[in-house]
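Student: The whole structure should be built from the sequences, with the hints applied where relevant.
Protein chains in written order, with my numbering: chain A, 1 to 233; chain B, 1 to 191.
Hints were generated in silico from the structure; no laboratory data involved.
Note that the structure is predicted; figures quoted are calculated from it, not measured.
Take these hints with a grain of salt, some might be off.
Partial list, computed: chain A residues near chain B (C-beta under 7 Å) [what the hints assert, rightly or not]: (1) Leu4; (2) Asp13; (3) His46; (4) Met47; (5) Val51; (6) Val53; (7) Gly56; (8) Ala58; (9) Val61; (10) Leu63; (11) Asn64; (12) Leu67; (13) Phe133; (14) Gly136.
Cβ atoms here follow ideal geometry from the backbone N, Cα and C, with glycine treated the same way.
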Amino acid sequence: MNCLEFRQLKLSDPDCISEEASLHQSGCPECARFEREIHELDASVHMALTVAVPEGFAAKVLLNQSLQAHPRRPKRWYWMSMAASFFFAVVLFQWSPAETLDEEIITHLDHEAHQVHGNSGDISEDEVRNVLFAVGGDIDHSLGSVTYASICLIDDMLVAHFVVKDGKETYTLIVIPQEIDENMPFQTRHWRGLIVPHPTGSLAVIASTQTESIPDFLQVAKRYGASIKRATI
Amino acid sequence: MVVRPLKEPSWNILVSDKVLDVMANKQARYENLVNAYSPWLYRYAYWLSGEKSAAEDLVQETFLRAWRFLDSLKDEASAKSWLTTILRRENARKYERKQFQYSDVDMDSISSETKEFDARPEVSALRIALKNLPGKYREPLVLQVLEGYSLKEIADMFDLPRNTVATRLHRARQKLRSVLQDDTAENRQRR
Ligand SMILES: [Zn+2]
Ligand SMILES: [Zn+2]
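Tutor: And the structure:
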């Protein structure tokens with residue numbers, strides 16, 4: 001290593017210690033002086049860069065987040081939460097571990113079927129997006145008519161739960177941040193559906209057994225699966 | 001049992017104790033990140049944007065975004081790089097929106113801002129020199145000197161060859177050195 005190489009190294013990466021560099025430095029007083037000078041420069045630059053952070057800045061950041069997350073409450077909220085507390089007490093009481101994913105979903109649907117807020121009308125795209133964010137998802141293109149959107153808990157995972165309308169058909173979609181290897185069809189007395197792998201983990205498409213014809217779940221999963229993508233930062 | 005609305009109550013989302021636990025964990029995790037990394041992010045944002053209020057906004061937006069995507073951060077050890085990357089992207093987005101030019105910041109406000117921090121003449125001379133440095137030289141220097149990022153880490157973050165980053169850091173130090181040398185020469189003359 002010659003003087004030029006040594007100086008270039010020290011100017012781009014002062015803390016780099018290579019055997020070659022230290023060998024040169026110990027044999028060249030000029031470069032040893034240069035090295036000290038660069039370290040002094042870096043110490044001053046460090047001081048110059050360390051600008052004062054505004055007082056209470058972290059608290060301000062946290063406050064900002066909580067203001068964004070909890071906007072004002074509508075009035076009808078209170079009684080609905082009271083009704084829900086009973087509902088959740090029932091669900092949690094009946095929660096049984098070690099179920100497979102489809103069983104977990106069916107358990108969830110059977111209990112949520114009693115919920116009063118299921119048919120709460122048109123859900124805006126922003127609301128759909130906010131629910132998807134909770135599970136690391138995002139809207140790629142519109143899901144069409146959405147009549148229900150909720151963040152729910154299935155097997156300790158936050159999932160995004162939607163009810164969508166496609167013409168006369170009504171489907172339940174559940175976006176689950178858990179990967180599955182292959183398509184998983186299932187059927188019970190009330191529900192039939194299909195869970196498919198999806199970029200967010202997996203996607204369940206469910207319809208009531210009360211429908212006239214059996215839907216082509218693979219097609220439905222494809223159509224809605226394409227509308228939902230993995231969120232990117 | 002406590003039942004509280006999760007985020008926007010208008011969604012009619014009803015929350016159980018179990019969900020509250022998950023949310024409380026998320027909140028605690030988030031608070032740790034804010035406490036640990038907001039000083040670094042503020043300083044980085046300050047040197048990216050060139051002024052205090054823009055830096056504050058940038059960090060606020062970065063953390064709001066981090067909150068939304070917190071579940072995608074799998075490993076706390078990579079939190080700093082993750083946040084730094086979000087901040088860089090937020091800044092790029094802002095820059096596109098406003099076409100904000102670093103040189104628009106007027107020098108009077110810089111010198112009054114820089115004086116507050118540290119009264120030592122060589123430090124305030126350096127601050128002005130750092131502000132005048134082109135962004136592509138200043139940014140890697142901030143990462144290297146302030147937070148000890150390695151050349152490789154910076155190269156990865158900027159998606160540039162390692163040698164390009166090395167050259168920029170080399171130029172940055174050369175420029176600062178010459179400013180300091182001029183400054184000391186001036187001081188000597190005054191005496
Ligand atoms: Zn030498
Ligand atoms: Zn649900």
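Student: If a hint holds in the structure, say so; if it doesn't, say that too.
Tutor: Hint by hint, here is what the structure shows:
no.: 1; hint: Leu4; in the structure: violated (12 Å)
no.: 2; hint: Asp13; in the structure: holds (6 Å)
no.: 3; hint: His46; in the structure: holds (5 Å)
no.: 4; hint: Met47; in the structure: holds (5 Å)
no.: 5; hint: Val51; in the structure: holds (5 Å)
no.: 6; hint: Val53; in the structure: holds (5 Å)
no.: 7; hint: Gly56; in the structure: violated (11 Å)
no.: 8; hint: Ala58; in the structure: holds (5 Å)
no.: 9; hint: Val61; in the structure: holds (5 Å)
no.: 10; hint: Leu63; in the structure: violated (10 Å)
no.: 11; hint: Asn64; in the structure: holds (5 Å)
no.: 12; hint: Leu67; in the structure: violated (10 Å)
no.: 13; hint: Phe133; in the structure: holds (5 Å)
no.: 14; hint: Gly136; in the structure: holds (5 Å)
When each numbered hint is compared with the structure, violations occur for hints 1, 7, 10 and 12.
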